[in-house]
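In order, the protein sequence lines correspond to chains A and B. For the first sequence, the numbering used here puts the final residue at 676, and the numbers step up evenly by one. For the second sequence, the numbering used here puts the final residue at 358, and the numbers step up evenly by one.
Simulated from the structure, these hints should not be mistaken for laboratory data. Be aware that a few hints might be false.
Which stretches of chain A does chain B cover? Using the computed rule of at least three CB atoms under 8 Å from a CB of chain B, they are [as the list claims (entries may be wrong)]:
(1) 503 to 514
(2) 569 to 579
(3) 583 to 589
No experiment lies behind these values; they were computed from the predicted model shown. In this text, a Cβ means the ideal position worked out from N, Cα and C, and glycines have one as well.
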Amino acid sequence: MKKDAPWVMRTYSGHSTARASNELYRLNLSKGQTGLSVAFDLPTQTGYDSDHPIARGEVGKVGVPVCHIGDMEMLFAGIPLGQMNTSMTINATAAWLLALYIATAERQGVDPKGLQGTTQNDIIKEYLSRGTYIFPPEPSLRLISDTITYTVAHIPKWNPVNVCSYHLQEAGATPVQEVAYALCSAIAILDTVRASGQLGEAEFAEAVGRISFFVNSGIRFIEEVCKLRAFSQLWDELTRDRYGVTDPKLRRFRYGVQVNSLNLTEAQPENNIPRIVLEALGVTLSKNVRCRAMQLPAWNEALGLPRPWDQQWSLRIQQILAYETDILEYEDIFDGSRVIEAKTDEIKRAAWAEVERVMEFGGVIAALDYIKEQLVASHTERVRRINTGEQIIVGVNKFTETAPSPLYTGDSSAILKVDEAAEREQIARLRAFRAQRNQAEVTAALAALREAAVSGANIMPASIRCAHAGVTTGEWGQTLREVFGEFRAPTGIRGVTVASRNEGPVATQLEALRARVRRVADTLGRPLKVLIGKPGLDGHSNGAEQIAVWCRDAGMEVVYEGIRLTPEQIINSARDEGVHLVGLSILSGSHLRLVPEILAGLRDEGLGHIPVVVGGIIPEDDAEQLRRAGVARVYTPKDFEMVRILSDMVDVAETVAEHA
Amino acid sequence: MTATTRRRPLEISALLRFERQAIAAAVNLLEDRRPERQEQARALLDELAVLPVPAHVVGITGPPGVGKSSLISRLIARAAQAGKRVGVVAVDPSSKVSGGALLGDRGRMHVPPHAPVFVRSFAARDRLGGLSREAFSAVFLLRHLCDVILIETVGVGQSETDIAHIADTVVLVVQPFSGDLLQFIKAGVMEVPDILAVNKADDTTLARKAVAEVTAALSLERRSWARPVLAVSATTDLHIDALDAAIAAHYHHLRTAHVLDTRRAEQMVEWVVSEVMYELGRVGLAALGGSTGIHTLLERQPATWGALRRLAALVQRVEYRVTGEL
Ligand code: B12
Ligand SMILES: Nc1nc2c(ncn2[C@@H]2O[C@H](COP(=O)(O)OP(=O)(O)OP(=O)(O)O)[C@@H](O)[C@H]2O)c(=O)[nH]1
Ligand SMILES: [Mg+2]
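Full structure from sequences and hints, please.
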């Protein structure tokens, strides 16, 4: 047999500015990476310019800021787009970033027809897990549909949508849930495309063929092989039966992958390397369902952002798999295995049953609240099992003793520190760009954009015009916000409880904690009331959801309002609600700006006596700084014992009450 | 505690200026069960009682997930726009097992940070499914400080009757999935509401059907206030102006028909009745040793009907007396 071609190898990266990210991309390509994967910063992902007040402290933090065509041109300077395969992790503003990419190609003298790459462009998993949504479901689906119909006609090799199951697993989904809800999302998208009437029958079949997936692969890699086989069979059947696609090539399940990062640990972080390798096997071993593209997290995933060397180590894993091992030399090694087939059937049947249940709700949009709750319930079960030791995580809840690590000593020298000057540089560049553009053209292009948004005409031509005219990301976003309105996704925590099985040591500890919470209520005069807040643009909700659910199960009254709140909103809620403690959860690196702002705001409101605790990705040096600023406690991923965290919170609230 | 962070004493004038810090502190006081705080709380409410009651108290009730919070968010926006002082009291259920509660309603409400809007969430606590006593007393406080109070109930069981004890106008929100509504009508829940809102009417066909159903069910009614049935959508803002107008019209009706004061007076009586029944029930149950006590008593003999009756009669040995004056 002829050796199979390796998958496209990528590294998910981008930070600080377009200039710095461009340098990084060229370095990565020189190391044998075969495609680009662009990480955008949160303001860009949520449609704000770098100088918007809400962007303060977030610019260039977890990705590259792209405010206008000047940024996009700089990002790809010296990288010929005609020969590049670029994946862009962009969703609510996908149509806009695609328009900027097309306009940049045109300025490079490249015919957009030949462009290759992917826009993630899956809004449903943003509502369910990832958090960078802007508009309500209906207009969001319409924007997705517009990019599909546009690319099918004008950029035939582009993957306009990567339906994502990846982020569902990161939010706790089981393999069955991952497959089922991703298929439901694909159905919502294709149904919208079909109903738009913009495509004929043959073109629609082409559009179906352009849908690709972005999946996850966890440590139970045999089950993952089966999951992917089930996924691919269901996709084949669904596209044939629901959409009448007759050409089997257009029904093929094509996917890219990022392996599981949720299980990567802060404790003994070197153990993450074997985890990543094993997870990569799940998506490469079986030829029939092998990934088309891969990106791997780094060993220091739970510590903070990876440095170039960390990313290189992960790229080398891919290269060793592809070029040193023999996995690319065989036909599918699982074909004919009864064991694999049985497991595949089991997942397939269960996933389809769940798809049908969602369809009974009226589809994925109507079922959003239900699905979110299912995900939180699964994640709660995962956390519970880790707490009881039913799920073993080496170095965390078992085999914890360790020799001193030469790789990691606990400070922040083992992660990338984004230069604080990058934000200033970016804003200066943005203001200079705005000053030199032709304002009349900008105004006209934005008027045309609004017109298209209102009339229902395809959004892409108007967006490409905006790109050339020098419109900014914030202006594009604001125009559509005015037409479409904004959305808040469900939190999913209401119906979820920890103690599905009321036994074992955790249940006993929880029971004892409840008794203590009741006693504290007597001291306080009323039940212990806490606010769990998620300030800033950060969408990482897992931690906050778990803390909220466990606090409730410990007998506390918990105010939780979901993600993306301004410091002002959190301060107002703390005041109006009369809480005894404020808990903040921040994972995307902007804690040093947001936390002091909230502490100051509380003091201004005369609420300086309310203790504040913070959890998330907080390097130890930053934690020290926060404690000095007045934060009572800081928690990080290594603090996995929920009852211990909770009783600690009770301690904090009680101590303050006694001194009041 | 240092001097800089010491909480200021409660001043009526600060409350009347709608200083939210003071309002929050006052509600904290109302919630506080310690005897000396209860004393202060009563004193505060008594002091306020002589002041006018400018607020229109609006109850928003309906099954879980129907869109109560989302609708309140739309109503807040309109009231704030009109320069009104708004108080929102949102009640969520408490867990029977843990006693804890997730208070998530305000997450669905957009609260303009600089307008006079005060939003407070309450757990239903031992008042399963209804409005807690704390929520009630908060409304008593806010009535003097606000132009409009919006109360969101937990939407099951007791809350329908509880809300009738405090609200001038009750809006029942339902989903446009047929069946739901007729069930409500049959179950007698329909006696309570003054306005019916079929939310999620962005799904037009279902909504139209639902409105037709309810309108038909109400068509035989002969009341001085013809209860309006409105199809609305909190998501798309559809007909929220009409809902807002209907709420205002009902208030106008109450005042012009001179029934507002009688309605409020009747509510007080009913509230006291339900409090007495609840309180005595609670004391009686405690006298029997709660569920566990009853369980033990019944273990000693077969749980026949007669035994159950005798058991309930045991409570009568607990003596009640009305002492003192109001
Ligand atoms: C899962 C995950 C996601 C999921 C989130 C799903 C969800 N709905 O939460 C998905 C896939 C969507 C995601 C996306 C992104 N992610 Co991410 N993600 C992670 C990951 C792998 C795990 C986080 C997690 O959920 N852990 C499980 C929970 C239970 O643990 P926890 O939050 O740490 O909480 C515990 C403690 O910290 C503490 N705690 C936390 N909060 C609080 C609050 C209180 C009050 C208390 C008492 C305690 C407490 O108690 C908890 C109990 O154990 C981390 C890396 C890692 N392994 O930690 C990266 C990570 C956080 N992500 C990262 C990034 C950059 C992103 C993106 C921004 C990338 C991009 N450019 O687009 C996106 C966008 C997300 C957004 N909108 O903000 C970075 C952040 C880097 C930084 N801080 O500098 C990390 C560190 C990965 C990395 N090394 O690059 N991510
Ligand atoms: N399609 C549609 N969805 C709506 C509408 N109003 C609310 N929703 C959605 O319904 C769900 C519940 O909305 P809430 O406003 O929280 O409903 P609620 O009645 O306050 O819910 P509980 O407080 O949990 O009982 C959310 O997902 C909303 O987005 C509407 O008019 N149309
Ligand atoms: Mg609600």
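Here is how each hint holds up against the structure:
Residues of the stretch 503 to 514 of chain A lying with their CB closer than 8 Å to a CB of chain B number 5, which satisfies the three-residue condition for coverage. Given as covered by chain B, the stretch 569 to 579 of chain A passes the check, having 10 residues with a CB less than 8 Å from a CB of that chain where 3 are the minimum. For the stretch 583 to 589 of chain A, the stated coverage by chain B is satisfied: 4 residues place a CB nearer than 8 Å to a CB of that chain, which reaches the threshold of 3.
Comparing the model with each earlier hint shows no violations; every hint is respected.
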